[in-house]
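Protein chains in written order, with numbering that gives the first Met the number 0: chain A, 0 to 316; chain B, 0 to 196.
Hints may be right or wrong, so weigh each one.
[Claimed, not checked] Residues of chain A clear of chain B, computed beta-carbon distances all greater than 12 Å:
| # | residue |
| --- | --- |
| 1 | A27 |
| 2 | V92 |
| 3 | N297 |
[Said to hold, decoys possible] Here are the simulated lysine to aspartate or glutamate pairs, DMTMM-like style, with alpha carbons at most 20 Å apart:
| # | chain 1 | residue 1 | chain 2 | residue 2 |
| --- | --- | --- | --- | --- |
| 4 | A | K222 | A | D288 |
| 5 | A | K44 | B | E153 |
| 6 | B | K97 | A | E66 |
| 7 | A | K44 | A | E123 |
No lab work stands behind these hints: they were computed from the structure. Cβ atoms here follow ideal geometry from the backbone N, Cα and C, with glycine treated the same way.
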Amino acid sequence: MAGWAWRGSRIVIGVSAGVVLVTVLASAVFLHAYRRVLDEAFQEKSAAYVLAFADAAHAWLARGDVEAARSAARFLLLGSALYVQVAADGAVVVDERVPSADRLALPAPTLSGGNRSLARGSGEGVPDYLDIVVPERDGGGYVRLGMDLSPVVLRARSATLTAVGVAVAFDVTLLAALVVVARRRPLSRRASGAGTGKLAEGQGVERGAPGGASPLTVDEERKEVRIRGRLISLTPKQYALLRLLSSSPGRVFSDKEILREVWPESGYADAKDVKQCVYLLRRRMGEEDPIGTNVVQNVPGFGYRLVLPDDPELTEG
Amino acid sequence: MRRWRRIVRPAGLLIALALATTAVAQEGTRPGAPDVDPPVEVRLAAMAERLELARTFATLAVFSPTVSDQHLHAQRVVNLLEGTGGEHFVERFSPEGKVVGLLPEARAIAFLLSRLAPDQGGREEAVLAAKEIVRFLDLALEEGLAGLRSRRPEGVALSMRRAFAFLSAALGRAEDAPALGGVRALRALVVSLPPKP
Chain A
0 MAGWAWRGSR IVIGVSAGVV LVTVLASAVF LHAYRRVLDE AFQEKSAAYV LAFADAAHAW
60 LARGDVEAAR SAARFLLLGS ALYVQVAADG AVVVDERVPS ADRLALPAPT LSGGNRSLAR
120 GSGEGVPDYL DIVVPERDGG GYVRLGMDLS PVVLRARSAT LTAVGVAVAF DVTLLAALVV
180 VARRRPLSRR ASGAGTGKLA EGQGVERGAP GGASPLTVDE ERKEVRIRGR LISLTPKQYA
240 LLRLLSSSPG RVFSDKEILR EVWPESGYAD AKDVKQCVYL LRRRMGEEDP IGTNVVQNVP
300 GFGYRLVLPD DPELTEG
Chain B
0 MRRWRRIVRP AGLLIALALA TTAVAQEGTR PGAPDVDPPV EVRLAAMAER LELARTFATL
60 AVFSPTVSDQ HLHAQRVVNL LEGTGGEHFV ERFSPEGKVV GLLPEARAIA FLLSRLAPDQ
120 GGREEAVLAA KEIVRFLDLA LEEGLAGLRS RRPEGVALSM RRAFAFLSAA LGRAEDAPAL
180 GGVRALRALV VSLPPKP
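Sequences and hints are given; from them, build the entire structure.
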């Protein structure tokens, strides 16, 4: 019994560790992928945003309305933009920044082939940002925006918390289910008769062929019960009840547990049937051996337990 | 009796003056109502400029990378449409200060055009065009507000695309038929109106 319990515990611990490892790995992979998707979406949208602003800015500059471009640039700073630069004919004509980006060094961009450029940047006192430069289609100008990456970081962080929460809930549920299964399994194994007689060894009940030194013998192959060597003839229900109680001597089995194991197929059996069966079992055992009457004891409010014939608690009645 | 008339007459005049002053003051404080009345074609030209600006911000709202940026630009569009004193106007997002709302301005122009002499050539067409502009701007405002209410980036983008479309329809092209409801076409019509007979 102890050996099986230890083996069972080791299995539960092993499976638990595996489950935790798998969920941690899965969460890490998911978050990495999600962060990448967020980054890419943010980059794509930001590039389109800068492009839209660049079109308007170049139109304002083309008609000489620098103030309109400057006003719009200032307005963008109310959102995610950390700085906005608009250059025309090689000269920066609009340079608006949030106070924290005032001292940010922004070297002149190198635009190859008239393509837009994207780069990550960071600075002292400035959150990580995405530097996007869109060149003027026909001319030496460009529009440059620094987009604050904090929203992406915040979304990734909230996704991390959600993923960790889901993973923990999953782990707890799975482990709880495992523990429940592990606790029920030995009982089922014994009840199904898969035991070899070693399950209750060392606890005073011998299961298997008779002839051992134990005062109570349950022979599962022959369906025989002997008390101090004397054979007791039992009905199938009485036998099943005794076999269940003897699977863990001293342990209190509730009515519910007994009903589940002894009357598995009946939905109508109740505590009265258990009481009746216990009464008949006691009487039958008492007929063969006086101490047999007290082998099955009632624990008021909880259920029944088996007290072994050689237990000092047991007195001949 | 004379004495009574002496008292009643100045009192009546005073009451009439007070009522007239109140009416003028109310007209002046109506949300987004212009203080001065330049010629209609000048007002239409100014409207066209503000409509272009509103379209720019509607586009920026569509392409903004975050919902807060989208709402920022959507609010600017709503500000331009309603003008200072409008129900949904937020001063913080109006860097130009006091704004003459596109909608109140369009309504005022429609009212002015409806008061042209009935036998004035092109009057009915102009009134029809002005009313169409008001309808397009109403729809643009509705979409702008829907964009502000939405919390999903896709929802805001969709509303602001619609707002952009209605703003574009309200702007139109100078060569369009005025009945289509474009500010530019209406301006071209107003400029070409024959002088009063």
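Do the hints match the structure? See the list:
1. A27: Label holds. Min Cβ-Cβ 26 Å, cutoff 12 Å.
2. V92: The assertion about A/V92 holds, with a minimum of 18 Å to chain B.
3. N297: Holds: least Cβ distance 64 Å, greater than 12 Å.
4. A/K222 / A/D288: 19 Å, holds
5. A/K44 / B/E153: 12 Å, holds
6. B/K97 / A/E66: 17 Å, holds
7. A/K44 / A/E123: Violated - the C-alpha atoms of A/E123 and A/K44 are around 26 Å apart, more than 20 Å.
Going through the hint list in order, the structure does not satisfy hint 7, though it satisfies all others.
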